[in-house]
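Trainee: So you can see what is in the structure, the chains are spelled out below.
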Amino acid sequence: MVKKLPRKDVVVVGFGWTGAIMANELTDEGLDVIAIERGPWRDAPTDFPPTYMQDELRYRVRHELFLRPDQLTFTFRNTMSQTALPIRSWGAFMPPNGVGGGGVHWNGEMWRFLPSDFVLKTHLTERYGESFLPSDMTIQDWGVTYDDLEPHYDRFEYLCGTSGTAGNLGGGIQEGGNPFEGPRSRPYPTPAQQQPFSHTLFGKAARELGYKPFPQPSGNLSQAYTNPLGMRLGPCTYCGFCEWFGCSNYSKASPQTTILPYLIRKSNFSLRDNSEVIRINLDRAGRHATGVTFVDSSGDEWEQPADLVILSAYALFNVQLLLHSKIGQPYDPVTNTGVVGRNYTHQTVSTVNGFFDNKKFNFNPFIGSGSIGMCIDEFNGDNFDHGPLGFVGGGYVGQVQTGARPIESTLVPPGTPRWGVDWKKAVKDNYLSTVKPGAGVHGSFYAYRDIYLDLDPTYKDRFGRPLMRITMDLKENEIKQNKFLTDKFAEIIKTMGAEKLAVQYRTGPYDITAYQTTHLNGGAVMGTDPKTSVLNRYLQSWDVPNLFVMGASAFPQNAGYNPTLTVGALAYWSAAAIRTQYLKSPGRLLDV
Amino acid sequence: MEALADTIIPSDPQAPGGKDAGCAVFIDRQLAGPYGRQEGLYQRPPFLSGAKNQGYQSDIGPAETYRAGLAAINSVCRERYGGRAFADLSTDERILFLKVLEAGEVKLQGVDGKSFLEQMVKDVQMGFFADPIYGGNRDMAGWKMIGYPGARYNYLDWVNRHNERFPLPPVGITGNAEWTRW
Amino acid sequence: MYRDHRARAFGLAIRLSATLVLDASAGSPDQQEFTVIERGRYVSILSDCGGCHTVAGGKPFAGGRPIETPFGIIVSPNITPDLETGIGAWSDKQFDDALRRGIGWTGVHLYPAMPYNAYTRMSSDDVLAIRAYVSSLEPVRQSRNPNTLPFPFNVRSLMAVWNKLYFTAGEFKADPSKSKEWNRGKFIVDGPAHCGACHTPKTILGGDQGDHYLQGANLQGWSAPDITNDPRTGLGGWTAEDVALYLKTGHNRFSAATGPMAEAVELSTSKMADADTLAIAIYLKTLPGKGSEGRAPSPIGDDMMAAGNAIYRDQCSACHGIEGKGVAYLFPSLGASAMVRSDDPTTVIRILLRGARSVSTKAEPTAPGMPSYGGQLDDHQIAAVLNYVRNSWGSASPAIEATDVTRVRSQVTSRAD
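Chains as they are written, first to last, in this note's numbering: chain A, 1 to 592; chain B, 1001 to 1182; chain C, 2001 to 2417.
One thing to keep in mind: the hints can contain errors.
Simulated crosslink set (SDA-like; lysine to any residue; CA at most 20 Å straight-line) [what the hints assert, rightly or not]: (1) A:LYS460 x B:ARG1044; (2) B:LYS1144 x A:GLU408; (3) B:LYS1144 x A:GLU499; (4) B:LYS1052 x A:ALA514; (5) A:LYS488 x A:ASP473; (6) A:LYS266 x C:LEU2267; (7) B:LYS1122 x A:ILE407; (8) A:LYS460 x B:ASP1059; (9) A:LYS460 x B:GLU1039; (10) A:LYS266 x C:LYS2362; (11) A:LYS359 x B:ASN1163; (12) C:LYS2202 x C:LYS2362; (13) C:LYS2271 x A:TYR262; (14) B:LYS1052 x A:MET94; (15) A:LYS460 x B:SER1049; (16) A:LYS360 x B:LYS1122; (17) A:LYS360 x B:PHE1166; (18) C:LYS2362 x A:ALA514; (19) A:LYS3 x A:LYS425; (20) A:LYS428 x B:PHE1166; (21) A:LYS425 x B:VAL1121; (22) A:LYS359 x B:LYS1122; (23) C:LYS2271 x A:ILE264; (24) A:LYS425 x B:ASP1012; (25) B:LYS1099 x A:ALA426; (26) B:LYS1052 x A:ASP473; (27) C:LYS2325 x B:VAL1121; (28) C:LYS2362 x A:PHE269; (29) C:LYS2362 x A:LYS359; (30) A:LYS460 x B:ILE1133; (31) A:LYS266 x C:ALA2056; (32) A:LYS425 x B:ASP1059; (33) A:LYS360 x B:GLU1039; (34) A:LYS428 x B:ASP1012; (35) C:LYS2325 x A:ALA426; (36) A:LYS425 x A:ASP473; (37) A:LYS428 x B:LYS1122.
Here are a few chain A residues that sit away from chain C, every Cβ distance over 10 Å (derived from the structure) [what the hints assert, rightly or not]: (38) PRO40; (39) PRO69; (40) ASP154.
Derived by calculation from the structure, the hints in this document are not laboratory data.
In this text, a Cβ means the ideal position worked out from N, Cα and C, and glycines have one as well.
Could you put together the complete structure from these sequences and hints?
Mentor: Okay, structure coming up:
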């Protein structure tokens, strides 16, 4: 028996970064907002305090803060001819769970996309011609431009207190910053983090090779900061427990440290945690959302009516909920029709580990933060001429010393046995003198006709709903791109003085068991044409205008940067459209 | 298991081996807990075999795998080494046995020998480096060996001290000897 | 349905101005009454009536909250205007007698958990204004549970004796030699805000120890700190502005309010006018205190200090800094904290054992929390790290023994946070 709750103005589905941003923006507008979150409430002193948070086994290896696959997972296959099998335990990526979402346990890398990334199809076609692109590549323009998003990038950066060095202030290139970035309206709110030894070596080597290295923009703060909501953040202490972990000392930007305490003081906001939304409800015509249905931790079903639905779960779960709610036409790669599930993408990452002479080098690799880094951007997006190279896309490369927790950081040079006396000696000799960049090569992943999401015919979740099926592989374009970037990266590591390198190219077939990154994107993309997009440029559903879908699921393809800053900027951009346009005249913000 | 742990991480004058570091205790405890039972993992049928890059597909969890795998290792050992179990072998015999297992040249009853060895290596090494509260890494021996300072939370005063060895000893979640000096 | 949206979207601004207009026009025949109610609302904030007369999550002023006193539990009554279970049937005189003379409406003596010994400093106009405000509230029908005081404290008539010993009736008299702000501050501190109820130590009968006025006291499992200007244990290191900001926002560059003070900030001091929090600060800064500066540090063994140092470095310094300075407005400075140095270490021990949540206010919403160390550190280790913190960075404080920690541990085990 479904119980019906009192109507709200807005229901927010999923309470991570974008859910918190939207709830805060819309409560500011005087609307009565409820957020519904599948996982538990989470906070530093009670859930990841410095008394026991530094536990690699519990948080990193056993995934304490992440979704349990028995609650929800996906099936996976490389190609349409294979049978997809369930992801029974997480490997290549780790979906978040709980209040704050991935914002709790992310690294905090805060990159803006390049201006050309938002008009990718137009830009590449103009520069290289249509025939330069692989025939099955389905990239497209976003429908929103860098200039549209700049104020919203800025807003999210200042919410988080982002530490960095500007490279382009209003068109003027700045020494020490990223000279390739789009123009920004003002400097970063806080200066870049201090750089450990391996980073300064990387910077030196990169300069020797003619590159312009700069500190990675970081959500781990270089100094104490008070954001525009009055929220206080502390200085990062470089503890080396960032990604996979929650931050104990309020120094990593997260919904908890930047928004939630401010938001929960508002009387027109409420939250239900441990409650999983299983469906967005539609009116009979299927053109208007009437609210959502969710299941609480006792297994009871509830209906939450609302005038406006904000879908702000993790990217893949957004797509899944659209499919389960029968909103938008599911994508069919055979006929190349439909939109939901189309243009699903990932990130092409790899790394090079450098082994140095331990008599000359001690990197104290355990000193680090999630997004501390020294990077170069010469090979990102279309910052370089792809003409002679035969591929499109790119990424940044850099030394990002996120810490050296010993279960996963006791690396040995290639050729060392995996156990026994020699292994033990190699571990001992190399631990302090190895450069181990997290995802040192962080490349784009463009969209293809046969890389997509749909519902699995066999496997079901705990409510009996079909799991979502991922069909994905690495294409020649991405493999070439990665080879090119990884070689460039290896050259820098070698120039730093490494005696031995472990070069790990990303190659196919895509492996669901090896961690790469949780940057999964697309499937409910934004665009200018309802035939090739689920959302318009304001993240509004073409089919159900009182539904807005946040998150990286809106990316038509993925750029060579970490997605969160763009995800946050898009949320602010969408919120502004709702506040200034939609509420005045609810309905489609753009004509079909 | 202790003999296996000591073969995977042999003791030397500077640092204990897997046995004295408590790696077998670590594995016992892990297998008795959620990890051993595949708790929290997706366990709905059908269990089909697929490509390796589609991930582990079985309702047999680590606890059962270890039970079968250890028994199978001993039974193969007894066959090959005149009735001796793995623990009764000499160091060289143990190393040779594991090398042959790693090469996929030993068939074990009920489990895949090569992947079972991979799993044991991973788990023993994990026990060597996990926080001592889990039973392995006894006296933080694994951390001392590599120079890892442990569950610390503040290197603000050291991030700028380049190429200088961090001076403080490792600390676990429940502290170290420095915490109880009286 | 969408009209709703629009109305709400425009709503906030419209609603606010509409309220003002309506109140003003509706009040025009009774403008005076409106002013009185508004004054009463403010005096009730100064007096923190809601603190005791509301249970967490319950209807405001409906009572029912158990107040822990040294003599037993007193349950606060319903003071909404409900005729049967509240105070709707009381006359103004009965109300005034209760607040300023400690006489209940049936003529019996009230227990001094009701701070009539402080409220007596208020004027009759103040009290009647509170009455007018309380009468404007929604009546709530809610009877209260009986008190659970043991003999002889359950004999109300004995309160007459208590009153003879400890109760001096009478309105506040300004000291013309002092500034207006000082007098306003003293009035609020001694009168409505009844600061001494927690911060002045009590005799064994629960009366104020007048010669230790506001020098800190132990109650309800907390040590309320010295709020005189004593440089070591009191407010000596803070400017008046620091004190005022603390009261207004719950935080300042040195410290943060937690425990019972967090509640006082939330319900009372954060809602006071800026002039009043500053007046309180100006007054408190003139109290000399017990003059404890220069006290020699008690000898603490080198081993214990070394252990404390190690624990501090490994566990505390990530927030409070290796030099104990903390982060202004976020993590308290332990070096600058009088609370840390307090002669009675109950509160610092309790915070270490149980953790603490600082107060969230409009100006300082963050409300950072301190985790509990009660499970991780044993009583010796807690004593060691506290001795280190209390005797570093220029601080000198009496030694804490492991048995002190054991005592607080057993005291707080049965208490809510």
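Trainee: Each hint needs a verdict: does it hold in this structure or not?
Mentor: To see whether the hints hold, each was checked on the structure:
Between the alpha carbons of LYS460 (chain A) and ARG1044 (chain B) the distance comes to roughly 8 Å, so the proposed pair stays at or under 20 Å and holds. The suggested pairing of LYS1144 (chain B) with GLU408 (chain A) holds, with an alpha-carbon distance near 16 Å, which does not exceed 20 Å. Of the supplied pair hints, the one linking LYS1144 (chain B) and GLU499 (chain A) is violated, its CA atoms being roughly 25 Å apart against a limit of 20 Å. Between LYS1052 (chain B) and ALA514 (chain A) the CA atoms are separated by roughly 11 Å; this keeps the pair inside 20 Å, and the hint holds.
With a C-alpha separation of about 24 Å, the suggested pairing of LYS488 (chain A) with ASP473 (chain A) is violated against the 20 Å cut-off. Between LYS266 (chain A) and LEU2267 (chain C) the alpha-carbon distance is near 16 Å, which keeps this suggested pair within the 20 Å criterion. Taken as a hint, the LYS1122 (chain B) and ILE407 (chain A) pair is honoured in the structure, with Cα atoms around 9 Å apart against an allowance of 20 Å. Distance check on the hinted pair: LYS460 (chain A) and ASP1059 (chain B) sit about 16 Å apart at the alpha-carbon level, within 20 Å; holds.
Restraint check for LYS460 (chain A) and GLU1039 (chain B): satisfied, since their Cα atoms lie roughly 18 Å apart, inside the 20 Å limit. Of the pairs offered as hints, the one joining LYS266 (chain A) and LYS2362 (chain C) holds, with about 10 Å between alpha carbons and a cut-off of 20 Å not exceeded. Our distance criterion of 20 Å between C-alpha atoms is met by LYS359 (chain A) and ASN1163 (chain B), whose separation comes to about 10 Å. Our distance criterion of 20 Å between C-alpha atoms is broken by LYS2202 (chain C) and LYS2362 (chain C), whose separation comes to about 34 Å.
Restraint check for LYS2271 (chain C) and TYR262 (chain A): the C-alpha separation of about 17 Å stays at or below 20 Å, so the hint holds. For the hint pairing LYS1052 (chain B) with MET94 (chain A), the CA-to-CA distance comes to about 19 Å; that is within 20 Å, so the pair holds. For the suggested pair LYS460 (chain A) and SER1049 (chain B), the alpha carbons sit about 18 Å apart, so the restraint of at most 20 Å is met. The straight-line distance between the Cα atoms of LYS360 (chain A) and LYS1122 (chain B) is roughly 30 Å, outside the 20 Å bound, and the hint therefore fails.
Of the supplied pair hints, the one linking LYS360 (chain A) and PHE1166 (chain B) holds, its CA atoms being roughly 15 Å apart against a limit of 20 Å. Simply put, LYS2362 (chain C) and ALA514 (chain A) have alpha-carbon atoms about 46 Å apart, too far for the 20 Å limit, and the pair is violated. A C-alpha spacing of about 63 Å is found between LYS3 (chain A) and LYS425 (chain A), which places the hinted pair above 20 Å, so the restraint is violated. About 16 Å separates the Cα atoms of LYS428 (chain A) and PHE1166 (chain B), which keeps this hinted pair within 20 Å; it holds.
Our distance criterion of 20 Å between C-alpha atoms is met by LYS425 (chain A) and VAL1121 (chain B), whose separation comes to about 16 Å. Restraint check: the Cα-Cα separation between LYS359 (chain A) and LYS1122 (chain B) comes to about 29 Å, which exceeds 20 Å; the hinted pair is violated. For the suggested pair LYS2271 (chain C) and ILE264 (chain A), the alpha carbons sit about 19 Å apart, so the restraint of at most 20 Å is met. In summary, the hint linking LYS425 (chain A) to ASP1012 (chain B) is supported, as the alpha carbons are separated by about 10 Å, within the 20 Å threshold.
Pair hint LYS1099 (chain B) plus ALA426 (chain A) holds up; C-alpha atoms about 18 Å apart against a cutoff of 20 Å. A hinted pair counts as satisfied when its Cα atoms are at most 20 Å apart, and LYS1052 (chain B) with ASP473 (chain A) qualifies at roughly 14 Å. Taking the CA atoms of LYS2325 (chain C) and VAL1121 (chain B), the gap is near 46 Å; set against the 20 Å cutoff, the hint is violated. Simply put, LYS2362 (chain C) and PHE269 (chain A) have alpha-carbon atoms about 15 Å apart, close enough for the 20 Å limit, and the pair holds.
Restraint check for LYS2362 (chain C) and LYS359 (chain A): the C-alpha separation of about 55 Å exceeds 20 Å, so the hint is violated. Distance restraint check for LYS460 (chain A) and ILE1133 (chain B): the Cα-Cα separation of roughly 38 Å exceeds the 20 Å cut-off, and the hinted pair is therefore not satisfied. Only pairs whose Cα atoms come within 20 Å are accepted, and LYS266 (chain A) paired with ALA2056 (chain C) is accepted, the gap being roughly 18 Å. Of the supplied pair hints, the one linking LYS425 (chain A) and ASP1059 (chain B) is violated, its CA atoms being roughly 37 Å apart against a limit of 20 Å.
Simply put, LYS360 (chain A) and GLU1039 (chain B) have alpha-carbon atoms about 46 Å apart, too far for the 20 Å limit, and the pair is violated. Restraint check for LYS428 (chain A) and ASP1012 (chain B): the C-alpha separation of about 12 Å stays at or below 20 Å, so the hint holds. For the suggested pair LYS2325 (chain C) and ALA426 (chain A), the alpha carbons sit about 42 Å apart, so the restraint of at most 20 Å is broken. At roughly 38 Å between alpha-carbon atoms, LYS425 (chain A) and ASP473 (chain A) are farther apart than 20 Å, so this suggested pair is violated.
Between LYS428 (chain A) and LYS1122 (chain B), the direct Cα distance comes to roughly 17 Å. Compliance with the 20 Å bound is thereby established for this hinted pair. Once the 10 Å rule is applied to beta carbons, PRO40 (chain A) is consistent with being away from chain C; the minimum gap is 16 Å. No Cβ of chain C approaches the Cβ of PRO69 (chain A) within 10 Å, the least distance being about 29 Å, so the stated non-interface status holds. Non-interface status of ASP154 (chain A) relative to chain C is upheld: no Cβ of that chain comes within 10 Å, the nearest being about 22 Å off.
Hints 3, 5, 12, 16, 18, 19, 22, 27, 29, 30, 32, 33, 35, 36 from the earlier list are contradicted by this structure; the remaining hints agree with it.
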